[in-house]
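Residue numbers (the numbering used here), protein chains in the order written: chain A, 1 to 198; chain B, 1001 to 1336.
Simulated from the structure, these hints should not be mistaken for laboratory data.
All values derive from a computational prediction rather than experimental measurement.
Treat the hints with care, since some could be wrong.
Covered stretches of chain A, as calculated for chain B (at least 3 residues, CB under 8 angstroms) [to be verified]:
{"#": "1", "region": "47-56"}
{"#": "2", "region": "107-119"}
{"#": "3", "region": "122-129"}
{"#": "4", "region": "184-194"}
SDA-like, lysine to any residue: derived pairs with alpha carbons at most 25 angstroms apart [to be verified]:
{"#": "5", "chain 1": "A", "residue 1": "LYS185", "chain 2": "B", "residue 2": "PRO1103"}
{"#": "6", "chain 1": "A", "residue 1": "LYS111", "chain 2": "A", "residue 2": "GLU132"}
{"#": "7", "chain 1": "A", "residue 1": "LYS179", "chain 2": "A", "residue 2": "LYS192"}
{"#": "8", "chain 1": "B", "residue 1": "LYS1017", "chain 2": "A", "residue 2": "LEU140"}
{"#": "9", "chain 1": "B", "residue 1": "LYS1146", "chain 2": "B", "residue 2": "VAL1135"}
{"#": "10", "chain 1": "B", "residue 1": "LYS1017", "chain 2": "A", "residue 2": "MET161"}
{"#": "11", "chain 1": "B", "residue 1": "LYS1017", "chain 2": "B", "residue 2": "GLU1036"}
{"#": "12", "chain 1": "B", "residue 1": "LYS1017", "chain 2": "A", "residue 2": "HIS180"}
{"#": "13", "chain 1": "A", "residue 1": "LYS179", "chain 2": "B", "residue 2": "GLU1013"}
{"#": "14", "chain 1": "B", "residue 1": "LYS1003", "chain 2": "B", "residue 2": "ASP1141"}
{"#": "15", "chain 1": "B", "residue 1": "LYS1017", "chain 2": "A", "residue 2": "TYR134"}
{"#": "16", "chain 1": "A", "residue 1": "LYS185", "chain 2": "B", "residue 2": "SER1104"}
{"#": "17", "chain 1": "A", "residue 1": "LYS185", "chain 2": "A", "residue 2": "HIS146"}
{"#": "18", "chain 1": "A", "residue 1": "LYS168", "chain 2": "B", "residue 2": "PRO1279"}
{"#": "19", "chain 1": "B", "residue 1": "LYS1017", "chain 2": "A", "residue 2": "MET181"}
{"#": "20", "chain 1": "A", "residue 1": "LYS111", "chain 2": "A", "residue 2": "ASN77"}
{"#": "21", "chain 1": "A", "residue 1": "LYS189", "chain 2": "B", "residue 2": "SER1104"}
{"#": "22", "chain 1": "A", "residue 1": "LYS192", "chain 2": "B", "residue 2": "ARG1102"}
{"#": "23", "chain 1": "A", "residue 1": "LYS185", "chain 2": "B", "residue 2": "ASN1110"}
{"#": "24", "chain 1": "A", "residue 1": "LYS179", "chain 2": "B", "residue 2": "ASN1024"}
{"#": "25", "chain 1": "A", "residue 1": "LYS177", "chain 2": "A", "residue 2": "ARG190"}
{"#": "26", "chain 1": "B", "residue 1": "LYS1003", "chain 2": "B", "residue 2": "GLU1038"}
{"#": "27", "chain 1": "A", "residue 1": "LYS177", "chain 2": "B", "residue 2": "ALA1115"}
{"#": "28", "chain 1": "A", "residue 1": "LYS113", "chain 2": "A", "residue 2": "ALA67"}
{"#": "29", "chain 1": "B", "residue 1": "LYS1146", "chain 2": "B", "residue 2": "ALA1296"}
{"#": "30", "chain 1": "A", "residue 1": "LYS185", "chain 2": "A", "residue 2": "ILE110"}
{"#": "31", "chain 1": "A", "residue 1": "LYS179", "chain 2": "B", "residue 2": "ASN1110"}
{"#": "32", "chain 1": "A", "residue 1": "LYS28", "chain 2": "A", "residue 2": "GLN94"}
{"#": "33", "chain 1": "B", "residue 1": "LYS1017", "chain 2": "A", "residue 2": "GLY169"}
{"#": "34", "chain 1": "A", "residue 1": "LYS113", "chain 2": "A", "residue 2": "TYR150"}
{"#": "35", "chain 1": "A", "residue 1": "LYS177", "chain 2": "B", "residue 2": "ASN1110"}
{"#": "36", "chain 1": "A", "residue 1": "LYS179", "chain 2": "B", "residue 2": "PHE1034"}
{"#": "37", "chain 1": "B", "residue 1": "LYS1121", "chain 2": "A", "residue 2": "MET27"}
{"#": "38", "chain 1": "A", "residue 1": "LYS177", "chain 2": "B", "residue 2": "GLN1070"}
{"#": "39", "chain 1": "A", "residue 1": "LYS179", "chain 2": "B", "residue 2": "THR1080"}
Backbone N, C-alpha and C fix where the C-beta goes; we use that ideal spot for every residue, glycine too.
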Amino acid sequence: MPHMTDERVRAGLAHEEDLSLLHEVSMKTAGVSHLEMCIQCGTCGGSCPVAMDMDHTPRMLFAMLRAGMREEVLRSNTPWICVSCYHCVVRCPQEVHIADVMYTLKGMAIKAKLYQDSTAPHFSQTFVGMVETYGRGFELGLASRHYLRYFPLRLPGMMPMGFGMITKGRMPIRPRKIKHMDQLKAILKRAKQLELTS
Amino acid sequence: MNKYLLYPGCSLESSAKAYMESLNAILGPLDVHFEEIEDWNCCGATEYLGINLIPAYSLITRNLALAARQSAAQMDGTRTIVAPCSACYLNLAKADYYMQERPSLGVKVNEALEAGGLQYKAGTLDVRHLIDVLVYDIGLDTIRSKVTRPLNGLRVAPYMGCMLPRPDYQHRWSDHEHPTELDDLLRALGAEVIDYPLTTSCCGGHMTQIGPETAFELIRRLVADADERGAHLMATVCPMCQLNIDAYQGEMNHYFSTGYHMPILFFTQLMGLAFGKEPGELGIGVELVSSRNALANLGVEVPIAQEPTVRKRKDEGLPMPRRLLNGRKRGKEAVK
Chain A
1 MPHMTDERVR AGLAHEEDLS LLHEVSMKTA GVSHLEMCIQ CGTCGGSCPV AMDMDHTPRM
61 LFAMLRAGMR EEVLRSNTPW ICVSCYHCVV RCPQEVHIAD VMYTLKGMAI KAKLYQDSTA
121 PHFSQTFVGM VETYGRGFEL GLASRHYLRY FPLRLPGMMP MGFGMITKGR MPIRPRKIKH
181 MDQLKAILKR AKQLELTS
Chain B
1001 MNKYLLYPGC SLESSAKAYM ESLNAILGPL DVHFEEIEDW NCCGATEYLG INLIPAYSLI
1061 TRNLALAARQ SAAQMDGTRT IVAPCSACYL NLAKADYYMQ ERPSLGVKVN EALEAGGLQY
1121 KAGTLDVRHL IDVLVYDIGL DTIRSKVTRP LNGLRVAPYM GCMLPRPDYQ HRWSDHEHPT
1181 ELDDLLRALG AEVIDYPLTT SCCGGHMTQI GPETAFELIR RLVADADERG AHLMATVCPM
1241 CQLNIDAYQG EMNHYFSTGY HMPILFFTQL MGLAFGKEPG ELGIGVELVS SRNALANLGV
1301 EVPIAQEPTV RKRKDEGLPM PRRLLNGRKR GKEAVK
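Work out the full structure: start from the sequences and follow the hints.
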């Protein structure tokens, strides 16, 4: 909201930024995120192996969070390109939990239905659906459902690989289910009603 | 005897079953006992965390709760839970750490676990990775003493991957970017360990599924570097790394019009070979980029991978010339 900033500048309140978005993201992140401590040094972007494919480097994204640019942040592909390699996390002089902030932003973008350009949310949701049904991962179900929907043209090229995986017994045809699925379901049902508020 | 709780993780039942087979094969010689956590569930990999925080951490922590209960029920219960998969290790370790760093997370997670009659107090268990336990508990001297077939002449690129040495909240590794645990272990087996600066670079993780171009570049860097430095094969500690480098190497080659052939084996498979086990006992031969030529440097012969067993549904049908079936008689046919 730039006009608000203008008013504030005129009123001499420029130092009182609207940090509600920054705090919201920090609050929703596991552990103590240290997000507010970012000094904009850019070590994160410089350490990132996939920064070239990102709309914004992590440093830029954190500046946007501080500026309250909710929609731009949640539309960014950056959290979805992040491969969680934690290079930035161990190099960050302020110990910001960068990878975990990216997870928080993914969740917020899905909820706000703002990031639509990638197959990533579908992949995550399909994966989670499998886990919530069987309690264990099920690669064949996940891969076939995801590829048929988003990468049908990739399938012919992948046939030798898929065939190899199946015939070498590395991709079971049937999912494995845990014994106490009812217990896991009860836990997840309760967990979905909870949110980190402090 | 060293005793531990084992959290195998989903990959070890499927794409990385060779990891499980080779792990089982080396436990005997090292006198280590692993007890599987009963009814463990998926750790959510890197997917659940990006959807919903409390369910994601509750999913992970159910395993810790089950493990703690199992450990408490035994007289000589071990407090150490071992994960062979880097992503599982990280999730379990991170959940345990974050619930201590931010107690409110632990409160919410326990509220959810209660719905399933479980609870977990953060810090109860020690979460460790397989290679950590082998190098620091069992020790390189013991490992060296079990070697009957030194891997002399085998040039190995030690690939640690990213999620094992980082973020390392528990300070378990010698370095975050250039840890030497895998190098030391491979050297103890007699292998020639090449200098491999990309050892903790990312393989792309789930990007092979959702953003292949991003992943292919990461895979290319790793494979090209190992190749240029003259490695016969790469050694890994992680099922995801193995899957990406092995199963997607063909697609990566196609994408860049390259012709790399860089096999990647689990470090446990190399340990098994060095302990004198046969490739068949170690799941060697199910990799898609064959390690046959690489292991020929050791004089080890890798069995030709089993051909797909085509199941014949009916005996009746169009009469087909017998020789199309290579003249082989299958068990069921022979009975009939």
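**Report entry** Distance restraint between LYS111(A) and ASN77(A), which requires alpha-carbon spacing of 25 angstroms or less
**Finding:** holds (15 angstroms)
**Report entry** Pair hint outcome, LYS185(A) versus PRO1103(B) [Cα-Cα no greater than 25 angstroms]
**Finding:** holds (24 angstroms)
Query - 25 angstroms Cα cutoff - pair LYS179(A), ASN1110(B) - result: This hinted pair holds, its Cα atoms lying about 21 angstroms apart.
Query raised in the report: Taken at face value, is the distance from the CA of GLU1038(B) to the CA of LYS1003(B) at most 25 angstroms?
Result: Roughly 16 angstroms separates the two Cα atoms, so the pair holds.
Query - Given hint GLU1013(B) paired with LYS179(A) - CA-CA distance at most 25 angstroms - result: Cα-Cα ~16 angstroms, so holds.
Query raised in the report: Regarding the pair LYS1017(B) and GLU1036(B), is the alpha-carbon distance no greater than 25 angstroms?
Result: holds (15 angstroms)
Query - LYS113(A) paired with ALA67(A) [C-alpha distance capped at 25 angstroms] - result: holds (21 angstroms)
Query raised in the report: With a cut-off of 8 angstroms between beta carbons, are at least three residues of the region 122-129 of chain A near chain B?
Result: holds (count 5)
Query raised in the report: Within 25 angstroms, alpha carbon to alpha carbon, are LYS28(A) and GLN94(A)?
Result: holds (19 angstroms)
Query raised in the report: Given the hinted pair LYS179(A) and PHE1034(B), is their alpha-carbon gap at most 25 angstroms?
Result: Given pair LYS179(A), PHE1034(B) holds - Cα atoms ~21 angstroms apart, limit 25 angstroms.
Query raised in the report: Is the Cα-Cα distance between LYS111(A) and GLU132(A) 25 angstroms or less?
Result: holds (19 angstroms)
Query raised in the report: If you draw a straight line from the CA of LYS1017(B) to the CA of MET161(A), is it 25 angstroms or shorter?
Result: Holds, because 17 angstroms separates the two Cα atoms, which is no more than 25 angstroms.
The structure meets every hint from the earlier list without exception.
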